[in-house]
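Colleague: The listed protein sequences derive, respectively, from chains A and B.
Residue numbering for the first sequence follows our numbering, beginning at 1 and increasing consecutively.
Residue numbering for the second sequence follows our numbering, beginning at 437 and increasing consecutively.
Hints were generated in silico from the structure; no laboratory data involved.
It cannot be assumed that every hint is accurate.
[What the hints assert, rightly or not] The calculated label-pair distances, taken between Cβ atoms and stated as ranges, are:
{"no.": "1", "chain 1": "B", "residue 1": "579", "chain 2": "A", "residue 2": "226", "range": "48 to 56 angstroms"}
{"no.": "2", "chain 1": "B", "residue 1": "449", "chain 2": "A", "residue 2": "370", "range": "38 to 46 angstroms"}
{"no.": "3", "chain 1": "A", "residue 1": "90", "chain 2": "B", "residue 2": "450", "range": "42 to 50 angstroms"}
{"no.": "4", "chain 1": "A", "residue 1": "428", "chain 2": "B", "residue 2": "477", "range": "58 to 66 angstroms"}
{"no.": "5", "chain 1": "B", "residue 1": "461", "chain 2": "A", "residue 2": "367", "range": "50 to 58 angstroms"}
Beta carbons are placed, not taken as given, at the ideal position from N, Cα and C, and that holds for glycine.
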Amino acid sequence: MTVIYWEEEMETLPRVGLESIQLRRLQHLVARVYKTVEPYRRKMDEAGVRPEDIKSLGDLGRLPFTAKDDLRNNYPFGLFTVPMEEVVRVHASSGTTGKSTVVGYTSKDIDTWAGIMARALCCAGTTREDMVQNAYGYGLFTGGLGAHYGIERLGATVIPVSGGNSKRQINIMKDFRSTVLLSTPSYALNLADAMDSLDIPPASLSLRVGIFGAEPWSENMREEVEKKLNLKAVDIYGLSEVMGPGVAQECLQSDRGMHIFEDHFLPEIIDPDSGEVLPAGEQGELVFTTLTKEAFPLIRYRTKDISRLIYEPCDCGRTLVRMEKVTGRTDDMLIIRGVNIFPSQVEHVLMGVEGVEPHYQIVVEREGNLDTMSVQVEVSEGLFSDEIRVLENLTKKIQADIKSLLGVTCRVKLVEPKTIQRSEGKAQRVIDNRKI
Amino acid sequence: MLVEQIAVFLENKSGRLAEITAILAENDTNIRALSVADTADFGILRLIVNDVEKARTILQEAGFTVGKTNVLAVEVVDKTGGLATVLKSLHNAGINVEYMYAFVNKSGGNAVLIFRFEKMDEAIDVLQKDGFTLLSGEQVCAL
């Protein structure tokens with residue numbers, strides 16, 4: 001297979017060259033935020049580091065971290081580095097876990113982002129000939145518009161359908177012959193269900209590639225999506241604080257991990273507890289410094305996403321480091337009776353059981369002083385039996401598999417189909433009813 | 437000789453059974469026999485109806501998980517020991533019953549026993565050899 005690059009020179013640059021570009025951009029960035037943004041200046045002064053101290057990429061570790069709270073404390077525009085008349089667009093997070101965070105873009109930022117996103121699409125095998133159905137939500141969420149501009153930049157045809165209304169999505173897919181689908185993986189499964197109930201076999205559609213992201217998903221879930229939608233599913237990574245979709249993209253050749261567009265985003269992996277930078281290849285919290293953003297750059301932003309960096313060369317020829325599929329978030333990590341659990345681990349177990357539908361929910365309660373976890377699984381026709389014994393064996397098997405992988409005993413509750421809420425954006429996997 | 441039965445998955449929530457029976461009634465589906473097996477969390481409703489495919493489709497459309505299995509219907513005289521003789525014959529042949537339920541046919545004075553076995557074919561041979569009457573699906577619905 002011939003690999004097509006969007007910006008071949010930058011994507012295949014020897015690391016030495018890449019690092020020199022990164023250092024130059026980093027020095028420029030640090031000098032600029034120190035001069036223009038008071039909260040950054042204050043934190044750097046407190047840490048006793050000045051812009052001229054950044055002499056090599058190794059000095060990055062001397063700079064203070066930026067956390068979600070810094071964004072909230074400076075809500076809405078306090079961390080912008082340019083006057084508001086330079087800002088042409090804002091996006092904001094949903095604020096489900098507190099006050100929302102707002103990010104801004106200059107017109108050059110929008111242009112850079114479109115280029116990065118075009119690179120990501122190209123990396124996933126999308127070309128000008130493709131009909132791209134963009135089912136990421138349009139609006140304050142970066143997914144919809146971020147992908148949209150990249151699809152246009154690439155020269156493919158964008159269908160700006162946004163999220164939701166599955167029946168319409170499928171009609172469009174059929175009538176417009178969409179070849180590429182962009183959505184969250186949970187919504188992709190939702191679409192697969194809808195196809196099933198409309199009696200439209202995925203093989204009758206023209207879908208070729210699905211670019212799925214914005215929430216953690218397991219390898220088993222990938223297989224499920226590929227099988228149910230009859231396409232090749234690749235992972236995309238991004239977060240609004242850092243830019244939006246397109247920070248990293250899995251290529252068609254990689255068997256693990258997404259290429260980080262390192263000339264724009266400088267990654268580190270740290271120990272989430274101590275904040276220490278971990279050696280290459282170790283798993284920890286992903287931290288990003290944006291190298292080219294104007295309106296809202298970030299220095300050492302803690303993403304809370306758990307991943308690892310893979311420096312081994314990739315078959316696609318890109319020299320850009322890969323980040324492993326995000327396996328969880330430091331903040332959706334559940335601690336049940338002292339054991340750390342990520343919803344994606346539970347998902348991995350469930351998807352490994354024949355016939356289990358990819359719709360599940362984890363409910364955590366506190367009974368007395370004891371935390372209990374129950375996993376709700378929908379009973380599909382593939383799982384169902386008219387014999388109690390068979391269903392009981394099934395719940396016991398899931399329970400045992402979770403116990404052996406996670407070391408925690410949970411209750412497995414079989415529920416009727418379609419009773420777990422379907423997502424039109426990010427799936428809500430955990431309901432934590434503990435009052436702590 | 438086999439009778440088709442549908443099974444429906446039920447969470448233990450109030451009103452589910454009422455909902456299913458209402459759906460079947462609205463669609464002119466007559467229930468000939470039923471049983472509910474339950475655990476603390478869920479139940480399985482097993483039904484023998486006059487139109488299996490129709491009942492299955494309407495329940496699926498209403499969002500239920502529905503399965504179809506084959507069972508055996510054995511007719512015995514409705515008097516003391518009727519069931520015992522059938523079970524004895526099965527026991528002697530070493531055949532295990534997965535589950536069973538029964539209903540009484542008022543007009544004919546007979547009882548109908550519905551059985552699910554692990555080894556359905558062997559069970560048919562044994563019951564026929566011992567002279568029991570096996571009913572077809574049509575016969576069960578005609579009672």
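Colleague: So which of the earlier hints does this model not fit?
Modeller: Per hint list: 2, 4, 5 violated.
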